[in-house]
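Peer 1: Chains as they are written, first to last, in our numbering: chain A, 1 to 181; chain B, 1 to 239.
Because the hints were derived from the structure by calculation, they are not lab data.
All values reported here derive from a predicted model rather than from experimental measurement.
Hints are not guaranteed to be accurate.
[What the hints assert, rightly or not] Computed spacing ranges between beta-carbons, pair by pair:
id, chain 1, residue 1, chain 2, residue 2, range
1, B, S86, A, D145, 40 to 50 Å
2, A, N124, B, E190, 50 to 60 Å
3, B, I90, A, N117, 21 to 31 Å
4, B, T78, A, P113, 47 to 57 Å
5, B, E43, A, T115, 46 to 56 Å
6, B, D134, A, D156, 36 to 46 Å
7, B, G172, A, D23, 19 to 29 Å
8, B, T78, A, V163, 24 to 34 Å
9, B, D134, A, P113, 19 to 29 Å
10, B, E130, A, V163, 49 to 59 Å
11, B, K11, A, C104, 20 to 30 Å
All C-beta atoms in this analysis are idealised placements derived from N, C-alpha and C, irrespective of residue type, glycine included.
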Amino acid sequence: MNKPVVATASLAGCFGCHMSLLDIDERLVELIDLVEFNKSPIDDIKKFTKDVDIGLIEGGCCNTENVEVLKEFRKKCKTLISLGECAIMGGLPALRNDITVSECLAEAYLDGPTTVNEHRILPNDEELPIILNKVYPCHEVVKMDYFLPGCPPSADLIWEALVALITGEEKEIPYALIKYD
Amino acid sequence: MADRISIYIDKKEYFTTEDKTILEAAQENGVYIPTLCHLPETESSTSCRICTVMVNGRPLTACSTPVGEGMEIDNSTTQITEWRKSVLEIMFTEGNHFCPSCEKSGNCRLQALAYRYQIMAPQFPYQFNEREIDATNDKIIQDHNRCIICKRCVRAIKDEHGRSFFAFIDRGHKLRVRLDRKLGKELTDELAEAAMEVCPVGSILVREKGFETPIGQRKYDLERIGADIEQNGQMKNHE
Numbered sequence: 001m002n003k004p005v006v007a008t009a010s011l012a013g014c015f016g017c018h019m020s021l022l023d024i025d026e027r028l029v030e031l032i033d034l035v036e037f038n039k040s041p042i043d044d045i046k047k048f049t050k051d052v053d054i055g056l057i058e059g060g061c062c063n064t065e066n067v068e069v070l071k072e073f074r075k076k077c078k079t080l081i082s083l084g085e086c087a088i089m090g091g092l093p094a095l096r097n098d099i100t101v102s103e104c105l106a107e108a109y110l111d112g113p114t115t116v117n118e119h120r121i122l123p124n125d126e127e128l129p130i131i132l133n134k135v136y137p138c139h140e141v142v143k144m145d146y147f148l149p150g151c152p153p154s155a156d157l158i159w160e161a162l163v164a165l166i167t168g169e170e171k172e173i174p175y176a177l178i179k180y181d
Numbered sequence: 001m002a003d004r005i006s007i008y009i010d011k012k013e014y015f016t017t018e019d020k021t022i023l024e025a026a027q028e029n030g031v032y033i034p035t036l037c038h039l040p041e042t043e044s045s046t047s048c049r050i051c052t053v054m055v056n057g058r059p060l061t062a063c064s065t066p067v068g069e070g071m072e073i074d075n076s077t078t079q080i081t082e083w084r085k086s087v088l089e090i091m092f093t094e095g096n097h098f099c100p101s102c103e104k105s106g107n108c109r110l111q112a113l114a115y116r117y118q119i120m121a122p123q124f125p126y127q128f129n130e131r132e133i134d135a136t137n138d139k140i141i142q143d144h145n146r147c148i149i150c151k152r153c154v155r156a157i158k159d160e161h162g163r164s165f166f167a168f169i170d171r172g173h174k175l176r177v178r179l180d181r182k183l184g185k186e187l188t189d190e191l192a193e194a195a196m197e198v199c200p201v202g203s204i205l206v207r208e209k210g211f212e213t214p215i216g217q218r219k220y221d222l223e224r225i226g227a228d229i230e231q232n233g234q235m236k237n238h239e
């Protein structure tokens with residue numbers, strides 16, 4: 001039997017959730033026996049080479065590239081999981097959600113106290129993804145199947161959830177593992 | 001002495017006295033009914049609706065409804081659990097609750113209830129409403145992003161003449177709690193800490209008191225909200 005395939009991505013996140021995944025420590029050895037990794041920063045595979053069983057998404061959507069990647073994951077992954085607060089509610093990047101994009105850009109590139117921008121240029125190269133008006137939780141862009149809260153979700157929570165998904169056995173999650181911070 | 005009566009919570013018989021509310025009767029019998037806006041010793045505000053139970057087939061708030069002989073109360077049906085989760089999810093999406101950066105995280109009643117009901121993500125869209133942070137007072141900071149308008153601070157924090165330090169201003173969706181500018185100058189350290197404690201979320205913060213307890217030792221890190229009440233009940237059953 002083929003091993004289940006896992007893919008991961010970090011959108012508008014800080015890679016903390018990926019670090020937490022690595023925090024399962026020696027169980028990583030067990031994990032690579034259980035699953036095969038495809039597109040992920042962990043193995044540095046940049047493009048999907050096959051359909052995937054489980055997709056883990058860290059971070060919400062703050063620009064057009066995030067939306068594109070998320071939609072691609074939705075197409076390729078049978079089960080898609082929001083991993084961490086940013087994927088679930090936008091997280092700290094969403095602190096800008098009650099501020100207009102023009103104000104944010106002005107603060108970052110024009111008027112910030114440490115900004116040097118002689119020609120007052122805002123980043124506008126066509127190669128750059130466009131910033132969205134707000135930071136969106138993943139489930140407001142595509143359908144997400146499961147949510148693992150935490151900032152980051154604890155390694156144990158990620159492990160329990162992955163094992164439950166791979167083995168197909170429902171698990172009771174201990175109280176101490178579900179945290180929003 | 002009030003008369004002893006029997007009530008049924010989730011089909012189980014309990015004894016109490018007539019002068020109690022459903023909430024009080026449940027608590028003394030070790031049955032946990034979640035509360036947010038409720039404050040013992042003060043008049044119920046019944047604004048949060050989280051303590052809603054079914055009484056003889058009708059939804060009523062447990063904090064304000066007196067018990068009656070033979071009352072049949074449902075506290076844990078799927079419907080009630082779903083209602084309670086909805087109430088919490090509305091609060092999480094209506095305000096701006098950034099738990100990872102909140103000083104009250106781990107000690108927050110709203111968060112603790114969401115943990116208890118295992119809310120992984122709310123079913124409603126996030127509003128991201130614009131709210132102000134008021135840091136004009138020397139002792140406390142008011143973060144309106146997190147306020148759930150429970151009125152606990154208004155009811156609990158008073159001076160020796162019975163005047164409230166906090167009050168509601170504006171109406172409808174603009175309604176918010178404001179610390180009285182003049183009276184606020186007389187806020188003592190004890191009252192400021194009491195205000196932070198009475199706030200069920202992280203809306204009232206005492207300066208330099210955030211993040212005092214390390215992660216893992218905070219109130220709801222290991223023990224779920226209501227566990228104390230349930231343990232009392234188990235001990236009582238054992239006796």
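Peer 1: Identify every previously stated hint that the structure contradicts and give their numbers, smallest first.
Peer 2: 1, 3, 7, 10 and 11
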